[in-house]
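Construct all of the structure, not just a fragment, from the sequences and the given hints.
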Amino acid sequence: MGFAHAPGDVPSIVEDELLRIICLLAAAAILLAAGGNAFADGSGDPTAVKNEDGKYLDKEGSPTYKIQPDGTVDWYTYSGYRRYHSDCHVCHGPDGMGSSYAPALKDSLKTMSYGDFLSTVASGRKNVSTAQDNVMPAFGDNPNVACHMDDIYVYLRARANDAVGRVRPAKHEDKTKVYADAEDSCMGTKH
Amino acid sequence: MRKVLLATSLGALSVFAAGSAAANDELIRMSQNPNEWVMPTGDYANTRYSKLKQINSSNVGKLQAAWTFSTGVLRGHEGGPLILGNVMYVHTPFPNKVYALDLSNENKIIWTYEPKQDPNVIPVMCCDTVNRGLAYGDGKIFLHQADDKLVALNAKNGNVEWTAVNGDPSKGQTGTSAPMVVKDKVLVGTSGGEFGVQCSMTAYNMKDGKQAWKAYSEGPDDQIMVDPEKTTALGKPIGKDSSLKTWEGDQWKIGGGCTWGWIAYDPSLNLVYYGSGNPSTWNPKQRPGDNKWSMTIFARNPDNGMAKWVYQMTPHDEWDYDGVNEMILTDQSIDGKPRKLLTHFDRNGLGYTLDRTDGELLVAQKYDPKVNWTTGVDMNKSSPTFGRPKVVAEYSTDQNGEDHNNKGICPAALGSKDEQPAAYSPETQLFYVPTNHVCMDYEPFKVSYTAGQPYVGATLSMYPPPGETNMGNFIAWDGKTGKIVWSNKEQFSVWSGALATAGNVVFYGTLEGYLKAVDAKTGKELYKFKTPSGIIGNVTTYEQNGKQYIAVLSGVGGWAGIGLAAGLTDPTDGLGAVGGYAALSNYTALGGTLTVFALPQQ
Chain P
1 MGFAHAPGDV PSIVEDELLR IICLLAAAAI LLAAGGNAFA DGSGDPTAVK NEDGKYLDKE
61 GSPTYKIQPD GTVDWYTYSG YRRYHSDCHV CHGPDGMGSS YAPALKDSLK TMSYGDFLST
121 VASGRKNVST AQDNVMPAFG DNPNVACHMD DIYVYLRARA NDAVGRVRPA KHEDKTKVYA
181 DAEDSCMGTK H
Chain A
1 MRKVLLATSL GALSVFAAGS AAANDELIRM SQNPNEWVMP TGDYANTRYS KLKQINSSNV
61 GKLQAAWTFS TGVLRGHEGG PLILGNVMYV HTPFPNKVYA LDLSNENKII WTYEPKQDPN
121 VIPVMCCDTV NRGLAYGDGK IFLHQADDKL VALNAKNGNV EWTAVNGDPS KGQTGTSAPM
181 VVKDKVLVGT SGGEFGVQCS MTAYNMKDGK QAWKAYSEGP DDQIMVDPEK TTALGKPIGK
241 DSSLKTWEGD QWKIGGGCTW GWIAYDPSLN LVYYGSGNPS TWNPKQRPGD NKWSMTIFAR
301 NPDNGMAKWV YQMTPHDEWD YDGVNEMILT DQSIDGKPRK LLTHFDRNGL GYTLDRTDGE
361 LLVAQKYDPK VNWTTGVDMN KSSPTFGRPK VVAEYSTDQN GEDHNNKGIC PAALGSKDEQ
421 PAAYSPETQL FYVPTNHVCM DYEPFKVSYT AGQPYVGATL SMYPPPGETN MGNFIAWDGK
481 TGKIVWSNKE QFSVWSGALA TAGNVVFYGT LEGYLKAVDA KTGKELYKFK TPSGIIGNVT
541 TYEQNGKQYI AVLSGVGGWA GIGLAAGLTD PTDGLGAVGG YAALSNYTAL GGTLTVFALP
601 QQ
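For the record, the sequence lines run as chains P and A. The opening position of the first sequence corresponds to residue 1 in the working numbering, with each subsequent residue numbered one higher. The opening position of the second sequence corresponds to residue 1 in the working numbering, with each subsequent residue numbered one higher.
Do not rely on the hints blindly, as some may be mistaken.
[Said to hold, decoys possible] Restricting the straight-line Cα-Cα distance to at most 30 Å, the calculated cross-link-like pairs of lysine-lysine (DSS-like) are: (1) A/K407 / P/K177; (2) A/K210 / A/K97; (3) A/K285 / P/K175; (4) P/K126 / A/K149; (5) A/K370 / A/K210; (6) P/K171 / A/K446; (7) A/K97 / P/K126.
[Said to hold, decoys possible] Some chain A residues near chain P, calculated using beta-carbon distances under 7 Å: (8) P119; (9) I122; (10) V556.
[To be verified] Between beta-carbon pairs, the in silico distance windows are: (11) P/S129 / A/K230: 51 to 57 Å; (12) A/D250 / P/E60: 45 to 51 Å; (13) A/D250 / P/A182: 26 to 32 Å; (14) A/G408 / P/A180: 38 to 44 Å.
To be clear, the hints were calculated from the coordinates, so they are not data collected in a lab. Just so it is clear, CB atoms sit at the ideal spot from N, CA and C, and this is done for glycine as well.
Have a look at this one:
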């Protein structure tokens, strides 16, 4: 980012004031940009501020990841890794990296909010024109996906912020009873 | 052509209606003319061998691109064109356009066909919107659409003559495979093994599109079209309820066993051969039993659909090693005795040679030395496990259970080879096999079934075998002994169908986009040319006005385009990328083009 120049025809007092404001804005923007790489995605700051039975939430209340200094990941990140590689990678490629026709979700999540993610997964998306034939199905009534939307979101959020790499997370927190009960009830008793 | 109605009695084994024999004779005669390429597989034996030799190992180095044709479609282009007389028929992935090109008039477009299909079929195609090509018979071009409709087009003008609905895409059943014309019928398989479809092979009357028979891969005896006493497996009658007994409850109804590979036909034995794919789901714990007849080679009578023999290669699959790859029919001598053979390079990494008259198992050997999930097939005929692969416990995703990550299994789910067909030269008596050289981690877990939704149930990550940097090999294989004769490394999986020619040249394409020509005897590279996109199509040859041409579709995609686009998962992530983990997206981009090669004017 370069320095902004005040317009030359502005009176000097105003010019000084403008310069001051512009410098402040620029400084703030630099801070934001610097922070943006590590601490912001389509849902804002991913820092976990709350832990509800193994589910971490950011200050907006959106689900997020939590990586311990020794590399242990939260259960949702780990579970999301597995669910992603069962149901999503057949189009979106390994590790959220994209395929020859479907976007890399580790990049999409840099700008896509939690709400947009949920609605896209639930309802699908169509992008059909003379140039391309890309269609994402609606997963809203697929329990393998619908019951694990937060898991997949948290994993991809961690990928978008480079908090986890391309490999399978080596260590993870245990599945909590609250999670297991909710999962069982969501998945039903079909099997 | 005479039109004679076939006897409707399904059990009539020996009926040779005049109409069917004539149609069959026409195609057999056409397939013997090396100037044309009238079947998706080149010939009924699936050899992909051409007698043309104007282009040969001493002049192929001078090959040049003669003309090109853009298909106007971006995603993965599998298969290859048909050439009938002066007309070339080019197909595309979804939306499944068909072009008829006039080879005698500057390759002008004679007609174009583009079906209207519901785009909702796109996301239920597991591995890109590929289509493996067209078939010809009785003046019609047969197209197997993505929405699993089989359409007969008038070869002269592209008009639709009839449409048959083969399956329901809203349940995840789709069309990717090439149809095959056998006698008076068109045979067509189906896709949907990742959606819990009960898959089948279906025959339609070529004349009017009426269904003649439909044989499922799993289910009750009448649905799978077997005779418990007469249909054999490894020489013994399969008995009653051979499939039902190997599934828990009614799981066979969502059992997969899809039939999206190539079909072979032996006119003298009157048998068609094809393979069935993975049992659904990929979590083996959820479907106890051998899951018959998934992962099986079928030999069926094309007139009535009845199975003569079956052989299940991977009972109770634990790795997604579909058995759909092509069956190549050859006549060779083993131990001095002439045999009618069937050779098959399975996804599971074993190259099988069987006697195609009765399904006797003769050879089963690894065609990639890295294959580790099995120590080999039990070849002892008196053993109770005769014909079964011996599974290594460490790599058994069933024995290790759900939620266990099984590491270092070779090959990966995409197999040591996938649909990309091998070729066979009767001169060298060698098979030329495009292979994948990739291993995987595989973790099965519980899934629930919802119609029309993916039914997978396993987490995978893939990478080259430890210590190696190439993800593919192009090999020459001796099917009589089960040995690799030569092997060329390729950076990426070789996902292109091979072509062998009488000119001692073998052709194949690479995922970076090269068309390569190698010496049939030694494997020495003689020529390469980078086409506009990665090649997952099959190489074809034909002659027009006394000149031999080589044609191939480029247009990266398919499963290879998904798994390799961004590069494979590097287990040592962060330590610096090596060649084996290279991203395909650094080499090529989407776009369908047919490139046709010829020698320069003398």
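* To do: Hint says 51 to 57 Å; check whether the CB-CB distance for P/S129 and A/K230 agrees.
  => At roughly 54 Å between Cβ atoms, A/K230 and P/S129 fall inside 51 to 57 Å, so the hint holds.
Q. Do the Cβ positions of A/D250 and P/E60 conform to the proposed distance bound of 45 to 51 Å?
A. 47 Å, holds
| query | Is A/K407 within 30 Å of P/K177, Cα to Cα? | reply | Distance ~28 Å between A/K407 and P/K177 Cα, so the pair holds.
Verdict for A/G408, P/A180 (Cβ pair) under range 38 to 44 Å: 30 Å, violated
Evaluation of the interface hint that places A/P119 against chain P, nearest CB under 7 Å
Given a least distance of 5 Å, the restraint on A/P119 holds.
### Query
Straight-line Cα separation of A/K97 and P/K126 no greater than 30 Å?
20 Å, holds
Checking one constraint from the list: CA of A/K370 to CA of A/K210, max 30 Å. Satisfied? Violated, at about 47 Å.
- [ ] Assess, step by step, whether the Cα of A/K210 is no farther than 30 Å from the Cα of A/K97, and give holds or violated.
- [x] 24 Å, holds
Checklist entry - If you check the beta carbons of A/D250 and P/A182, does the distance land in 26 to 32 Å? => result 29 Å, holds
- Message: Run the distance test for P/K126 versus A/K149: straight-line Cα separation, threshold 30 Å.
- Response: 22 Å, holds
Straight-line Cα separation of A/K285 and P/K175 no greater than 30 Å?
Roughly 21 Å between the alpha carbons, so the hint for A/K285 and P/K175 holds.
- Supplied contact hint for A/V556, tested at 7 Å Cβ to chain P: 6 Å, holds
Against the hints set out earlier in the document, violations occur for numbers 5, 14.
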